[in-house]
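Q: Each chain, letter by letter, is given below.
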Amino acid sequence: KNEVEQSPQNLTAQEGEFITINCSYSVGISALHWLQQHPGGGIVSLFMLSSGKKKHGRLIATINIQEKHSSLHITASHPRDSAVYICAGISGAGSYQLTFGKGTKLSVIP
Amino acid sequence: EPEVTQTPSHQVTQMGQEVILRCVPISNHLYFYWYRQILGQKVEFLVSFYNNEISEKSEIFDDQFSVERPDGSNFTLKIRSTKLEDSAMYFCASNRGQITDTQYFGPGTRLTVL
Numbered sequence: 001k002n003e004v005e006q007s008p009q010n011l012t013a014q015e016g017e018f019i020t021i022n023c024s025y026s027v028g029i030s031a032l033h034w035l036q037q038h039p040g041g042g043i044v045s046l047f048m049l050s051s052g053k054k055k056h057g058r059l060i061a062t063i064n065i066q067e068k069h070s071s072l073h074i075t076a077s078h079p080r081d082s083a084v085y086i087c088a089g090i091s092g093a094g095s096y097q098l099t100f101g102k103g104t105k106l107s108v109i110p
Numbered sequence: 111e112p113e114v115t116q117t118p119s120h121q122v123t124q125m126g127q128e129v130i131l132r133c134v135p136i137s138n139h140l141y142f143y144w145y146r147q148i149l150g151q152k153v154e155f156l157v158s159f160y161n162n163e164i165s166e167k168s169e170i171f172d173d174q175f176s177v178e179r180p181d182g183s184n185f186t187l188k189i190r191s192t193k194l195e196d197s198a199m200y201f202c203a204s205n206r207g208q209i210t211d212t213q214y215f216g217p218g219t220r221l222t223v224l
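Protein chains in written order, with the working numbering: chain S, 1 to 110; chain G, 111 to 224.
Treat the hints with care, as some may be off.
[As the list claims (entries may be wrong)] DSBU-like cross-link-like pairs, simulated, lysine-lysine; straight-line CA separation at most 35 Å: (1) S/53 - S/1; (2) G/193 - S/102; (3) S/54 - G/167; (4) S/105 - G/152; (5) G/167 - G/152.
Since the hints were derived computationally from the structure, they do not count as laboratory data.
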């Protein structure tokens with residue numbers, strides 16, 4: 001059974017702080033999405049990673065395939081970054097459905 | 111930018127009633143998905159659909175659930191006889207079907223079963 005574990009569950013940061021959210025995943029997962037879910041419920045994909053590192057603005061995502069671990073970093077955090085960040089694993093065969101982690105609720109305080 | 115749309119945004123129904131949740135995936139996408147999120151819990155995969163048939167389904171997707179692509183644009187999730195525990199946010203998603211592709215999510219339908 002594919003599994004995805006995230007930490008921490010909740011994270012409060014001061015504006016400007018560097019933030020790291022961690023994700024570990026099981027053997028059957030071959031790639032990862034990092035997603036953002038806002039209080040209204042909508043889900044937006046931030047990154048898809050199968051190897052290495054990706055950067056978009058202040059967001060950086062890395063993945064270590066050997067250790068089955070991924071991190072999402074936010075540099076110079078801002079209150080508008082407050083959201084739930086979710087790591088979701090992609091199964092290698094079939095329709096590539098996502099197995100979701102429980103999410104990390106980030107609150108950035110001005 | 112193309113987007114996945116879902117209707118209705120909120121559906122309230124009585125236990126035992128049938129509901130149909132509707133989604134319009136992005137037009138050139140080939141794979142369609144339904145996920146659900148019970149309040150306070152993680153998002154769970156229900157079913158994927160490709161080439162007019164179910165590709166994968168989870169153990170949640172039992173006989174009371176069905177999916178259909180009745181025309182070239184809509185993708186529907188039917189719950190035949192709703193239970194209280196079906197109350198959740200239901201998300202539709204689509205992508206082009208490559209493992210490297212982003213999944214695009216609709217805004218969700220909040221289903222409340224009374």
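Q: What are the numbers of the hints that this structure violates, sorted from low to high?
A: none
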